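Trainee: Taken in sequence, the protein lines are chains A and B.
When we follow numbering that gives the first Met the number 0, the leftmost residue of the first sequence carries the number 0, and every step to the right adds one.
When we follow numbering that gives the first Met the number 0, the leftmost residue of the second sequence carries the number 0, and every step to the right adds one.
Keep in mind the hints are simulated off the structure, nothing from the lab.
Incorrect hints may appear among the rest.
DEER-style ranges, computed between Cβ atoms [as the list claims (entries may be wrong)]:
| id | chain 1 | residue 1 | chain 2 | residue 2 | range |
| --- | --- | --- | --- | --- | --- |
| 1 | A | L20 | B | E153 | 52 to 60 Å |
| 2 | A | E57 | B | A254 | 35 to 43 Å |
| 3 | A | K40 | B | E116 | 40 to 48 Å |
| 4 | B | F11 | A | Y30 | 38 to 46 Å |
| 5 | A | Q76 | B | I220 | 42 to 50 Å |
| 6 | B | F11 | A | G37 | 20 to 28 Å |
| 7 | A | L41 | B | E103 | 45 to 53 Å |
| 8 | B | E146 | A | S35 | 27 to 35 Å |
| 9 | B | I8 | A | K40 | 48 to 56 Å |
Only a predicted model underlies this, so the values are computations on that prediction, with no experimental measurement involved.
Cβ atoms here follow ideal geometry from the backbone N, Cα and C, with glycine treated the same way.
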Amino acid sequence: MSRRKTKSIRISLKLLFVLMLLLFSCLQIVYTIHISSGGSKLASLEEEYLELSSKNEELTRYIVSKMSLNSLLESSQNLGFSKPSKIIYISESDAFASLR
Amino acid sequence: MSKPRFLVILFFYIFMFVFSIVRLFYWQVVKGSELSQTASMQHRKSSVIDASRGEIFARDGSWLVARGQVWNLIANPKKFAGDAKDVAEKIVEVISVDNPRLAEKKEKDSEVERIRELLERRNLYWVSLVPRINDVQKEAIEKLDIEGLDFEKEESRFYPEGSSSAHLLGFLGKDESGESVGYFGLEGYYDEMLSGRKGFLSQDADARGSPILFGGYQKLISLDGMDIVTTIDKYIQLVVEKKLNEGVQKYGARAATAIVANPKTGEIYAMASFPSFDPSRYYLFGDEYFINPAISQSFEPGSIFKVIVMASALDAKVVEPDTVCDICDGPLRIDKYFIKTWNNKYHPGSTMTQVIVNSDNVGMSFVGRRLGAERLYDYLQKFGFGVTTGIDLQGEFSPRLRGRNEWREIDVATASFGQGVAVTPIQMVKAVSIIANNGVSSRPHVVKKFKNDQWEYEVKTGDGERVISEKAASETVAMMVEAVKNGESKWTHTRGFKVAGKTGTAQIPIEGHYDEDKTIASFIGFAPYDDPKFIMLVTLREPQSSPWASETAAPLWYAIAKDLFLYFGIQPDVD
Chain A
0 MSRRKTKSIR
10 ISLKLLFVLM
20 LLLFSCLQIV
30 YTIHISSGGS
40 KLASLEEEYL
50 ELSSKNEELT
60 RYIVSKMSLN
70 SLLESSQNLG
80 FSKPSKIIYI
90 SESDAFASLR
Chain B
0 MSKPRFLVIL
10 FFYIFMFVFS
20 IVRLFYWQVV
30 KGSELSQTAS
40 MQHRKSSVID
50 ASRGEIFARD
60 GSWLVARGQV
70 WNLIANPKKF
80 AGDAKDVAEK
90 IVEVISVDNP
100 RLAEKKEKDS
110 EVERIRELLE
120 RRNLYWVSLV
130 PRINDVQKEA
140 IEKLDIEGLD
150 FEKEESRFYP
160 EGSSSAHLLG
170 FLGKDESGES
180 VGYFGLEGYY
190 DEMLSGRKGF
200 LSQDADARGS
210 PILFGGYQKL
220 ISLDGMDIVT
230 TIDKYIQLVV
240 EKKLNEGVQK
250 YGARAATAIV
260 ANPKTGEIYA
270 MASFPSFDPS
280 RYYLFGDEYF
290 INPAISQSFE
300 PGSIFKVIVM
310 ASALDAKVVE
320 PDTVCDICDG
330 PLRIDKYFIK
340 TWNNKYHPGS
350 TMTQVIVNSD
360 NVGMSFVGRR
370 LGAERLYDYL
380 QKFGFGVTTG
390 IDLQGEFSPR
400 LRGRNEWREI
410 DVATASFGQG
420 VAVTPIQMVK
430 AVSIIANNGV
440 SSRPHVVKKF
450 KNDQWEYEVK
460 TGDGERVISE
470 KAASETVAMM
480 VEAVKNGESK
490 WTHTRGFKVA
500 GKTGTAQIPI
510 EGHYDEDKTI
520 ASFIGFAPYD
530 DPKFIMLVTL
540 REPQSSPWAS
550 ETAAPLWYAI
560 AKDLFLYFGI
570 QPDVD
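Produce the complete structure using the sequences and hints provided.
Mentor: Shown next as structure tokens:
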């Protein structure tokens, strides 16, 4: 009886060992796939970052060109604005209409 | 099985086992490190991380220089299968638009031939076809859909105000190794600060080039360049450039320079010179255009220098404003030379104020004689002549001041009215600023602060040094006020505005003598004289319409100043 029991325990241990080995092998495979897909995701995120960065720079350049004083002067002239040709300085003692 | 057969098989197995061990030892131990290195090279991806160059801003925070991008058109001749000449012609058609270097047919044909020859180098994997093309050109070439062509992005500079402030800014060029380097102006002076520092990344990657997580990883982070906020006022800069160009056309000058600054702090509001260049296309201009005349070119200042010598004499108490010149009744003879007035008119019994108002060379020789060679030299040094001002622009030069023991009597006399002595425009502005600022000096500078995303640093110029007494400064200012009201340029003076200034018409020395016809006409002044908001120097080289500063530089100064009065809120004097 005890011999049979010992034999069955041995078989269970062997089976457990084999099952554990299989489990770790599967985990290793899953882990490796996960790592490699992670690397691929990282690469695509980096590419997306570069693309967004480039678009950001393009928008900044657009803002910079629109904020240019030369282009503002040109736009104002096109809209009919012009610099005053005569400046009159009035002092407080002069008579002029004012809203008080 | 018989015993001999068994032994043979056993021996065979032992032999194979030992052989395997030996081979394993060879590959794992002897060749181990070499193979490991080869494997590492295969899956190790290394790259340089570029650092963005810092931007340059005007004092109000708007851009003077921004980051831009250009593209280098490259080709892989091994992959290229099309007709090289046909493709070259299409590329040249795109890049020749608005390109003065490819305006002529001969130049276009030569460029087509060059590109064709590069495309036909079938043994190469990479050739550079056309550098620095813009986004529009890139898009047009992409539409041609030619296999084997590609683009490499390169950071460049974008100038929203076009060629404005070219001498101040400098430009971004390349060194011998092809690296970007700043030249001249701010780009040159602060090149290291603007460049930042490149980084480096080395990591394990798979066959497709994707990084392997938890693999080898080494990174040196890049540091972007610092941004610069300048003291430049964009509005003043544009006004000065516009009016200077108009003045050059009107007076037929060969060249011109103008500087506007704050005499109390030394901040440069504007600095412009003609002829100039386009910093975005610097490669189309010769080297002579890049030199900034305001800081690098010397000239004999003429009568604008008189205020410096007079201020020195007043400070040394060798003259007073009402000291009478007892030699002003006619030309002054020194050795074999005769000192004459500019208009051959003499004013016997002139006071020192009248000497400045009349711009009397004989009167100034009297002042120089009273001051003496050694004291004149000492004061000129204190006013900053003979050394660079320390302005933060690349390329500043200072002409040599005659040594302390090298002054003859004639040298003292001529220097007292601004001939026989050489200065740069920025030295003149710095020196007259001392008079405007109650006798205290300030260092001219263009940068207000440095900044990046995390911090900013304000440039401190420190307290100025007292060069002359407040009394001497105010007496000189009073003389300059009289000079604009009643001197040779009185007809240009805008009534009511509190301006202190001086004209100067200097002859140009050529091969040991002075040219009879060619002059440098200048006007230097500041306003309002009791609390100056700005100081401005305008210099015209060889004006053709008239040689006299009172008819050229002075009216140009006032034409610019009219806008500055409004801009600074300077009201005319009620009285």
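Trainee: Hint compliance check: list the failing hint numbers for this structure, sorted ascending.
Mentor: 6
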